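Peer 1: My request is simple: use the sequences and hints to build the entire structure.
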Amino acid sequence: MPELEIPAGERNMVLNMGPQHPSTHGVLRLVLELDGETIVRCTPDIGYLHTGIEKTCEDKTYHQAITLTDRIDYLCPLTNNLCYVLAVEKLLGLEPPPRAQWVRVMLNELSRIASHLVWLGTHAIDIGAMSVFLYCFREREEILKLFEMVAGQRMMTSYFRVGGLALEPPADFLKRVQKFLQIFPGRIEEYENLLTRNRIWIGRTKGIGYLSAADALDLGVSGPSARASGIDWDLRRDNPYSSYDKFSFAVPVRQEGDVYARYLVRVDEMRESVKIVQQAVEGLPEGPVQATARGVVLPPREKMKTEMEALIYHFKIVTEGFRVPPGEVYQAIESPRGEMGYYVVSDGTSHPYRVKVRSPSFANLQALPRIAEGRLLADMIACIGSIDIVLGEIDR
Amino acid sequence: MISSEVAEMPDAVAVLEFDPAALADGKFDRGELTLVIWPEPLRSVCEFLKAQRGYRYLSDVTAVDWYPSEPRFEVVYHLYCHERHERLRLKCRLSGEQPEVASVTPVWSAANWYEREVFDLFGIRFEGHPHLQRLLMPEDWQGHPLRKDYPVTGYR
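Residue numbers (the numbering used here), protein chains in the order written: chain X, 158 to 553; chain Z, -13 to 142.
FYI, nobody ran anything at the bench for these hints, they're computed from the structure.
A quick note: this is a predicted structure, and the numbers were derived from the prediction, not measured.
Backbone N, C-alpha and C fix where the C-beta goes; we use that ideal spot for every residue, glycine too.
Below, in silico cross-link-like pairs of lysine to any residue (SDA-like), each with a Cα-Cα straight-line distance of 25 Å or less:
1. 217(X) / 55(Z)
2. 217(X) / 53(Z)
3. 363(X) / 180(X)
4. 77(Z) / -3(Z)
5. 134(Z) / 207(X)
6. 134(Z) / 209(X)
7. 13(Z) / 504(X)
8. 77(Z) / 209(X)
9. 77(Z) / 396(X)
10. 432(X) / 255(X)
11. 134(Z) / 218(X)
Residues on chain X that point at chain Z, a partial pick, calculated with CB under 10 Å:
12. 379
13. 551
14. 552
Peer 2: Next up, the structure:
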């Protein structure tokens, strides 16, 4: 790659960081040109986790592809599931029942909390605050147990289906969520006590990795990283999907645009997510969790055993999949990292013709050179952590 | 050719006013507006949309391969306006023989990697791109995996 062969001058040194570096949060390689300890040029090199998910989707039926979406962003699989099924539902013109939408919102906000906890823990450990990591993973474990209750899996959940959910959540699920909601706000205080006014933390993050609002817009940065640069934009509020318009929550925005601001925005987001989950638990409507759409949604188990028609539909959906009318949609949702979009093209068959994943990390990583250039090498670690990238999502 | 429903949408009106010959086709489907732009005026239309219609954010650039029909490729741009919270999809149809279109990286810096990814996976060239190299696949890779004539299992 010609770009990576940086001509080293008399004073400049080329340093290869990654792909196996603990603070790159996956397999990210950075080619850094250094003048002393100052970064002159930063060139990210990606693609180490490219597994061709978009190509594989074209070979699967619409339902089978749900399992692939989990693997894109492994820190919030349910968010990927949601975005994909929303896109397919939009193609079909299908509206899932309110109960399913509410559970989707609840689980998505829990995913956001879990993802932010992993981010906070690893970001802090990168900078040197060891104990926060253990605290964060304690609470994340609790959320993963909740996911296991509904989906049977801790990480690769595949819980949402086109038309609703796979199953009704188990009986004591809501009680368990309530219990978590009671303890969690106090735990956020614990993290904040460890970091927010910590002099070392402030020294390592305040004024570091500045990104202006104009640059953020130009480079396609979205999510908390953009909101920390003063862009007041949240898809949950501005282009609501899955009944988000029925929930009340604030969108934390800060103007500073540095690593510290991104930290504060994400911590505040966790508090807002708790509020949304609380509303979802309290206002959870009764009713079915799957839309009535014969030929798309699998019939209930009991009907399959007693009705011939249901059995035929079950057989058809499982073996051939359902057909989707031709067309194309772009569905974007607010993932923990920013605007996640699925562009699904249908040619009328039971396999998607094209699935394109617009992943937020991909665009956010593009901003890294702008954030880090001109700063010290030691700040690089804080900068990478602060944009919260997931390499599985970048490379797909 | 362009339906009256599409021609009355504010974005379509603006593009037609800016350059009456730019619009090749358009549709409004499932609440999403798609404007098909001829390859030649693409960059100037993008500059216009950014400056005059508030589309300062480029969400995504991707492509669709309609092999074996012609024109084979569709390059798809998703724009977003933060003031009106609106989306707009632009499309550019390219032939299968040496597909090439003007790069929009001078308009939105974000297009840099998006276009590199499309080049890598579809083999579509972007004229005027500052650094058109493979992004996801290894640099010595043969072929472009997301093309429809490229087998899912790869060549063995």
